[in-house]
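J.: Taken in order, these protein sequences are the chains called U and A.
Heads up: the first sequence at position 195 corresponds to 195 in this note's numbering, and the numbers run straight through without jumps.
Heads up: the second sequence at position 130 corresponds to 1130 in this note's numbering, and the numbers run straight through without jumps.
These aren't lab readings, by the way, just hints derived from the structure by calculation.
Backbone N, C-alpha and C fix where the C-beta goes; we use that ideal spot for every residue, glycine too.
Errors might be hidden in some of the hints.
[As the list claims (entries may be wrong)] Sample of chain U residues at the chain A side, in silico, Cβ under 10 Å:
#1 Leu19
#2 Ala22
#3 Gln169
#4 His171
#5 Phe175
#6 Thr193
#7 Asp207
#8 Ile214
#9 Thr222
#10 Val225
#11 Arg289
#12 Glu292
[To be verified] Now the in silico label distances, taken between C-beta atoms and shown as ranges:
#13 U/Leu296 x A/His1146: 46 to 52 Å
#14 A/Arg1003 x U/Val317: 44 to 50 Å
#15 A/Arg1113 x U/Leu41: 53 to 59 Å
#16 U/Ala114 x A/Pro1069: 47 to 53 Å
#17 U/Val92 x A/Arg1113: 53 to 59 Å
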Amino acid sequence: MSGASGQRISAPGSLGRDLALAGGALLVLLVLPLIFPSKVLLDYIIRVAAFGIFATSLNMLVGFGGMVSFGHGMFFGGGAYAFGLMMQKLGVSIPVAFAGGMVYCALLALVVGAICIRLKETFFSFLTLAFQMLLHSIIISWVSLTGGDQGLMGGIPRPPFLGINLANQLHLYSFSCVLLVASLLLMRHILQTPFGYTLRMVRDNPDRARFLGIDIARIRLTAFVMAGCFGGVGGILMSLFVSGAYPEFAYWSTSGEAVFMIMMGGIHLFLGPIVGAAVFMALNDVITRFTEYHGLALGITVLIFALVFRRGLTDFVAQLRGGARAKP
Amino acid sequence: MLRVENLSKSFGGVAAMSDVSLDFRAGSLTAVIGPNGAGKTTFFNLISGAIRPDSGRVLLEGRDVAGLPATQVVGLGIGRAFQVAKLFTSLTVEQSLIGALQAQRHQSGHLWRRFPLPDYRGSAHEVMELLGLHTQADAQSGNLSHGDQKLLDIALALVLKPKVLLLDEPTAGMGPEERWKMIDTVHRLWTLGGLTLIFIEHDMDIVFKIAQSIRVLCYGKVLAQGSPDEIRDHPAVIEAYLGVPAESLDQPEAGGGPARDAH
């Protein structure tokens, strides 16, 4: 099964392998603009980075924790607004506001998680959704702070720091690539530690985990806070890209898109969601160019993915490869 | 080692366990038997912290563990295997056991080094050898045969080196041959020493062959206790097993046969 092959690849000593892979990927991404100096391509990759981090963080919960959150968008929106407001109102530097946005998301996740994680599957899903809609309503109605449905007014200032000017597309692109690779590496590492395996145990059989002395509420809450934090990173990156923050960031459709990406890419392999994000974004861009019914077209595409690939692209490929290997 | 005093539990007015007092000597091998619905699994649930008793005490080496949550009870040395194996289906056999060990050593939240921490390999392999699971070390738990799943379920409890090991029908759902192999394994575990082993079993042939002593539960009460010879001739036990309609003797996996043969 794909799960088993995924674990075999990650045999002991694989931190070095992950680092090498990450380094290689980063190198390719950074060289890319020299070969294809296309603004459209760079914009695409920046958006894939933001949503890729976001979808991967959701998959920490869905794929590895067995917690199907429908409200993950609250961290995408929460991170974006917290970051944007700190930049606008406090005039701090980007790294400070970045860290502040992550801390805000961690606290938000701590409170929401503490209430939600004890609930059974469906109730968990719907309560996370409810909290997201609550945050969305606050953003919409607290006009004096958030600008309401217009989004954060006046744009987010992007003062240079350490010689990096994020108002420059190439700088923002490089920054996004580094952030993407670093976030994926960190999440990958977390999922490969004893904690990551405990999370799988809690997903597979929470009852048994309890009988081994595992505090399942604590494991779930830790995962929820971590996922919220990384979800915020995705939102912050998006707010840097659009130089603003909009209520849609925290709307249920944002969570839905992340779920689509995970389903398209596959939940059982770590890199599934990032593949899903890339495919989803590409489809979205192509479809919106040809038809105004892009919602319908996207829906049909997702349906095809769900019915044909069942467990997502990466799982499908892994299964094909596994099948080919099994035959003599 | 393990003493239960005046243990009671009712579910919505139905007394599942009423005033049960039992003593299990250190290093003993005891079978808990009784007709369906006698409260055997409830008894295990109460001891292992899965449910809280309404009243009574559960003394492990003199310390009252009644009402403590399962997560703490396991740390104090009461291990448990289940009637239907409860496994971590996506993990391999070795990974599952290492996961159990790291939980016991409070390393479940470890975020620095990668899984598996090398210190646990030895203990995991020791238990796999003991139960004959070493050839399956890298097999995914969910893909194991039924017999091996039951063995892994026991291994998960055993790897924590419990003082008291509770086995809820270790042979449930097994064919005759597999069943005797399992019971040999259980018996071998016990002869290695250091373990107070209590098991629930329906097959009377097995019970009378390996149990040192037997406790009979019926409708949440202790019906009888003693050596296999005493139980075999105990009038109340004979009545409980034979003096009731035949349906209640039917054990789908065992058939009613062995129970009757025993008398």
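J.: Enumerate the violated hints, using their earlier numbering and listing them in ascending order.
T.: 1, 2, 3, 4, 5, 10, 11, 12, 14, 15, 16 and 17
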